[in-house]
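If you're matching them up, the sequences are chains A and B in order. Residue 123 in our numbering sits at position 123 of the first sequence; the count goes up by one each step and never skips. Residue 311 in our numbering sits at position 311 of the second sequence; the count goes up by one each step and never skips.
It cannot be assumed that every hint is accurate.
Claimed, not checked - Covered stretches of chain A (chain B as the covering partner; in silico rule of three or more C-beta atoms under 8 Å from a C-beta of chain B): (1) 6-19; (2) 56-64; (3) 78-87; (4) 96-104.
What the hints assert, rightly or not - Not everything, but these chain B residues come out facing chain A in the computed CB check (under 10 Å): (5) F25; (6) L220; (7) A450.
The hints are simulated quantities; they were obtained by calculation from the structure and are not laboratory data. Note that the Cβ used here is the ideal one computed from N, Cα and C, for glycine as well.
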Amino acid sequence: MPQDHEIGTRLDQAASLAEILAAGFDAFEAIRIVARDHQDRVPELFAAFMTTANAAVDGREALTIAPSLSPASQARPGQILAAGTGTREAADALAALAAALGERLSQAAALAEVPGDQAACQQGAAAAWRICELMTRGEHDARLR
Amino acid sequence: MANTTPVFGDFLGPADEHIAAAVSFSGDLPYDAQRGVIRQLDRLLTTMARFLTDLPPPDDSQPSAGPDRDTPARAASAQLALDRAARSLRPVAAGITAAQARSSHQVAGHLAAAADHLGAGQDLLQTHVMLGPGGIRIRRSYWAPVITSEPVTSARLGVLARYTQNLALWIGQQARRHPAVRRTPTAPQLALRAAEPWLLLASAAIRSAQPARHPGPPALNLLEAIPVNAPPPRPPSGTGEPVSQLCEHIPLTAERVRQATFIFADGARWSPAATSASWRYHALAAAITGHGNELILRTLAERARQLTLEPDLAAMLAAAADDMTCAWQSWRAITGHWDILTTGSSPHAGTTPVAAEIADLALRTGRLAYRNPDWAPSHHQASPIRDPADLADTPGGIIAVLTAVHHATDAITRVAATDHQAVAVAVADNRLCMPTRLLPENYDIPSPYARAPRSRTGALLSGYDTAITATARAATALDDLAVFVSAPSSALGAIPRPSIPAQEDQRRLPDQMPAPQPSGVTHMPGRTEHQLRKLHIRDPALLLRAALIDQAAHDLVTEATTRARSRDRVMTQIPRSRPRIGPIKRPAQLASQDTPTRSQPDEQLTHDAETAQPCPTASPYQSSSAPKAHSPRSC
Chain A
1 MPQDHEIGTR LDQAASLAEI LAAGFDAFEA IRIVARDHQD RVPELFAAFM
51 TTANAAVDGR EALTIAPSLS PASQARPGQI LAAGTGTREA ADALAALAAA
101 LGERLSQAAA LAEVPGDQAA CQQGAAAAWR ICELMTRGEH DARLR
Chain B
1 MANTTPVFGD FLGPADEHIA AAVSFSGDLP YDAQRGVIRQ LDRLLTTMAR
51 FLTDLPPPDD SQPSAGPDRD TPARAASAQL ALDRAARSLR PVAAGITAAQ
101 ARSSHQVAGH LAAAADHLGA GQDLLQTHVM LGPGGIRIRR SYWAPVITSE
151 PVTSARLGVL ARYTQNLALW IGQQARRHPA VRRTPTAPQL ALRAAEPWLL
201 LASAAIRSAQ PARHPGPPAL NLLEAIPVNA PPPRPPSGTG EPVSQLCEHI
251 PLTAERVRQA TFIFADGARW SPAATSASWR YHALAAAITG HGNELILRTL
301 AERARQLTLE PDLAAMLAAA ADDMTCAWQS WRAITGHWDI LTTGSSPHAG
351 TTPVAAEIAD LALRTGRLAY RNPDWAPSHH QASPIRDPAD LADTPGGIIA
401 VLTAVHHATD AITRVAATDH QAVAVAVADN RLCMPTRLLP ENYDIPSPYA
451 RAPRSRTGAL LSGYDTAITA TARAATALDD LAVFVSAPSS ALGAIPRPSI
501 PAQEDQRRLP DQMPAPQPSG VTHMPGRTEH QLRKLHIRDP ALLLRAALID
551 QAAHDLVTEA TTRARSRDRV MTQIPRSRPR IGPIKRPAQL ASQDTPTRSQ
601 PDEQLTHDAE TAQPCPTASP YQSSSAPKAH SPRSC
């Protein structure tokens, strides 16, 4: 799914492992920020957004210790949602970003030569897929407030 | 699956019945039966003496007044008297096997069964405490302070005193019976005559050892509610549990959380699982559980109104829901702190034993709160909140659901205290840091992590303080509700809950108590007993009588003092207004209403930028994502 925001573009265009890791770190951070921002808006989705933010921290933590990730940050996560975006749309956007992230990190894990990088990418990918699952709508969604 | 955890009452009740059945026998015992009865009496008295030997010293953490500190010494005297009684019987009991004795007569059978049950009950109590090196008494469960508390000790001694007295009276009757065929007492009867005065003395000594003379039914109920210290089986985590099953399973899951929390408390410093990931996950689950509990309580309040139950009930439920809101918001704030703070990523750290249990608790609470029987904390399984009639169709249903919420909240209070202590240790050990990439780019630190500024770790610990206070307040509101509706969880309110530890106590392990004092060290003889000891009187019977005289004198003075104070109070009493309707507010609750609201992580980040001195100096990343305050009412 094409990502029409900066972090999505960075993920798409990352060419090296270091770039994928850096974009992945910022993507997790962007997901955490959005999840925190939306967790209190719909009571029925409180648990889902809280758990998503937690998974985003898990993913970010996994990538933090990757040997190929530069400790110094060159970028910021940036906005992935326009102001006033609804909670369901936010969840959709997070699910899409997490899916893209999971895919890129899975590819990176296959390419990584250093075991530390490989483990970081695998754990990051697992966290991303978990976020994707957490944010995907279900059959009850239409009946939520 | 019903709660099958054995409790002390499971053994005390049958022991009670068997002793009552034995002492109700008023006929003639054949000679062989007399020997069998004596053998079983010996066993029963020995078991009862063990109760006194194992009597824990008073809990030093609890203030005690008056003669209570004499309890171990007086209990030792009673134990001595019981031992003498058993010794008087022993020669006659020799030569007859336990099996022969048990089957010799129905009375012997009842006495044997009573000894079995009391022994098992004693074993159950022993699962909560163990003696460590140097005789240090180590608590092995959160129930241990209850067992050593004065009311429960009094209740325990009261039961023993009653048994001893009833047995003494019955022995006296049997010892003086003169069957038509024999005019002289038999050897067993002579043994009973020898044992009788010792039993009477033991009964009196046990009564004088009671810290509270009339502990009352609540203390006895609490004694009976003490469970064996072993986790209940994990309820199967299938989907589609109906409300009734969730109400059965949540207390079991909560008990597993409590036990796992108690066990993990010891591993705060050395366990590989003592990481920010674990504490973050605990906080997440606590927030979700609390959020679900708030929804449940509001739904119950609505249901109480629909069923036109007492208006007080709906008001109390609504107030408890408000307290619950503050509780889960405090946990949500902690998760916000853990967004930034970390102990570092450690792929092999594993999870705490608490994590799996608290995840179950959050899941079941959610399934009780929401309509979807397969609810999970995901968008996919999100569903509308349950209808009030679906949650509790009858008033009994309200009690069942309330019991589940009560257990869940009580369990979270223990997680709060344990995690607070563990995090405090991590802070003291400088284990908390922040990802370097979250710092501004001009901070060129060649490491993935920078040490967390003290202002940030301080805010985290303050967050735990708030969570402890807020969760305890919610639990207290539920304690009151449980008593109000006579819920089965009423006993939870009597178990001491952890509070915010004093700064200087934070490094002390909570499960260590001072070594028990040798029996007699704390015994301060009264005036009469002192006179006898000056005369070098060592006869326990005389010493016990002296102790009783002193105790009676003390009681008389206490009663007179109470009456005098009561008279003075009546003279000066100002007419009181009618008791208000609504939830009972305890002093701690009232005091905590003035607790300042927590600072938000966002503010903290700004502050960090100005003050942090990590290695090297860190100026944290400015986040716009930290949890925002959402207060339906002031917490």
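Consistency of the hints with the structure:
1. Counting residues of the segment 6-19 of chain A whose CB falls under 8 Å from any CB of chain B gives 0; the rule of at least 3 is not met.
2. Chain B is given as covering the segment 56-64 of chain A, and this holds because 6 residues of the stretch bring a CB closer than 8 Å to a CB of that chain, at least three being needed.
3. Under a criterion of three residues with beta carbons nearer than 8 Å to beta carbons of chain B, the stated coverage of the segment 78-87 of chain A fails, only 0 such residues being counted.
4. Counting residues of the segment 96-104 of chain A whose CB lies closer than 8 Å to any CB of chain B gives 0, so the stated coverage by that chain is violated, three being the minimum.
5. About 62 Å separates the beta-carbon of B:F25 from the nearest beta-carbon of chain A, more than 10 Å, and the hint is not met.
6. For the restraint placing B:L220 at the interface with chain A, the shortest Cβ-Cβ distance is roughly 41 Å, beyond the 10 Å limit, so the hint is violated.
7. For B:A450, the interface hint holds, the least distance from its beta-carbon to any beta-carbon of chain A being 9 Å, beneath 10 Å.
Checked against the numbered hints given earlier, the structure breaks hints 1, 3, 4, 5, 6 and satisfies all the rest.
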